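Which chain is which? The protein sequence lines are A and B, in order. Quick note: the working numbering has the first sequence finishing at residue 261, numbered continuously throughout. Quick note: the working numbering has the second sequence finishing at residue 1261, numbered continuously throughout.
Treat the hints as calculated values from the structure; they're not laboratory data. Values in this document were obtained by computation on a predicted structure and should not be read as measured data. Hints are not guaranteed to be accurate.
To spell it out: a stretch of chain B is covered by chain A in this simulated footprint if at least three of its residues, at any positions, have a beta carbon under 8 Å from a beta carbon of chain A; those stretches are [stated by the list, open to error]:
| id | stretch |
| --- | --- |
| 1 | 1060-1068 |
| 2 | 1084-1097 |
| 3 | 1121-1131 |
Example chain B residues on the side facing chain A (calculated, C-beta under 7 Å, incomplete) [as the list claims (entries may be wrong)]:
| id | residue |
| --- | --- |
| 4 | Gly1010 |
| 5 | Ala1111 |
| 6 | Ala1114 |
| 7 | Arg1117 |
| 8 | Arg1210 |
| 9 | Leu1211 |
| 10 | Tyr1216 |
All residues carry an ideal CB built from backbone N, CA and C; glycine is no exception.
2 protein chains.
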Amino acid sequence: MTAPEPDQNGLFQPVIEICATGGDVILVCEHACNAFPAPWGDLGLSGAERQAHIAWDPGALGLMRGLARRLGATTVHATVSRLIYDCNRAPDMAGAMPARSETFAVPGNAAISAAERAARTAAIYVPFHAGLHALIVQRIALGRRPVVITIHSFTPVYFGQRRDVEFGVIHDADPALARTILAEAEARGGLVCGLNAPYSAADDVTHTLRLQATPYGLANAMLEIRNDLIASPAAEEAMAERLAPALSAAIAALTATAKAG
Amino acid sequence: MTAPEPDQNGLFQPVIEICATGGDVILVCEHACNAFPAPWGDLGLSGAERQAHIAWDPGALGLMRGLARRLGATTVHATVSRLIYDCNRAPDMAGAMPARSETFAVPGNAAISAAERAARTAAIYVPFHAGLHALIVQRIALGRRPVVITIHSFTPVYFGQRRDVEFGVIHDADPALARTILAEAEARGGLVCGLNAPYSAADDVTHTLRLQATPYGLANAMLEIRNDLIASPAAEEAMAERLAPALSAAIAALTATAKAG
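I would like the entire structure built from these sequences, with the hints used as guidance.
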């Protein structure tokens, strides 16, 4: 993956891809890329470590784009590895700039000064959320009610334990969309599904939803797909084809409920 | 009040005044100013209407600055009248660009197109909250826990009804700081105090707190002072002198509790 370039102010802006069909779904991928640009560089990690799930969510970006084409969604993704700054974490969360991720040490994060934490926050986290926020509130100002869904992947083996769940749906304060997506996916079969699996909001994994959707009362959910199921472009496409009908049905059901209520 | 100028991108940035003593209190005044800059102009209001409480919170800016000097706080305020865009409202709230405020019609807001709503949101609301957000998360990244307090004033007579409350403290999801401030103010006497008076979060008045403090678990509260009590610079100073000890004591008590817990 080529290293992203900061803008003229040294900020790493998120990439926003607006679907021509102009639907009201916004898909977000905070862990889309495993790029380690200057001034941080590789943080002392090997090439294999920079390819591993600790550095990004393999397959999530391709899956998100496949879903976006099918749903008419707009997508927003970060361009920098989550190990430099994890945009789904507040600056005071341990996972924002982790010194350790699962079984891996991250040498370049072992001793970060407060000034360096502030610099990474300003260069990566602030522009990411500013860009997403501007997009969301523009839609709201136009009288629309965007649905916000974050797209993640997880490793099949974590701390040596095999994970059986294949598709997790996680909610923040409002569980409505997550529960509806889960019901639609389970009704269609073919995937081992779980609510708030393999993580939940209690693990601080819903930061983006909490910051961007909850304050506006927007329907929202976080999706987690086991990364061995989206390990190639063809597999990403197949998973997008499988999940898109469940997501469409869930969003339609929720929108109908909102209108009736 | 002289009309504020937009920046080179046409955005009305908030004014951020950083206290040299570098304390961890951030005071916010969304309704500090009654300026009606181009391209919107006076919205068809008379000079008297543009001076009235519907256009701004008279006395709130001066009170906030008086408090900031005493608390060592940083202040953030909007420079544009709330009738052009109310930065304490989401774009889909009726009060964001109101066609009517109390007994007053606002002709320039009577028929706003969706595009105009989006343009005002982009020019005023988005930069205000981006500036405040960047400030808050910089402090968090530096290992600090800023306390966020919004400063407002309210009219003594509303829809013809006299209001007896003089000092209201309003909370969003976390009532801890609001309750502590209220207790400290009541213990000191001299003001008719009320919790969630003359409004509450149910009236959608805690948008800034909900967006900027609640997602980070920061202590927060909204203060409302009856504007006849801060109707001159001397009165603003006297009220700052009266309230600062109660705020200091409340913040200290809450910080001590957080450290003990």
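Here's how the hints hold up against the structure:
{"no.": "1", "hint": "1060-1068", "verdict": "violated (count 0)"}
{"no.": "2", "hint": "1084-1097", "verdict": "holds (count 3)"}
{"no.": "3", "hint": "1121-1131", "verdict": "holds (count 6)"}
{"no.": "4", "hint": "Gly1010", "verdict": "violated, 14 Å"}
{"no.": "5", "hint": "Ala1111", "verdict": "violated, 14 Å"}
{"no.": "6", "hint": "Ala1114", "verdict": "holds, 5 Å"}
{"no.": "7", "hint": "Arg1117", "verdict": "holds, 5 Å"}
{"no.": "8", "hint": "Arg1210", "verdict": "holds, 5 Å"}
{"no.": "9", "hint": "Leu1211", "verdict": "holds, 5 Å"}
{"no.": "10", "hint": "Tyr1216", "verdict": "holds, 6 Å"}
The earlier numbered hints that this structure contradicts are 1, 4 and 5.
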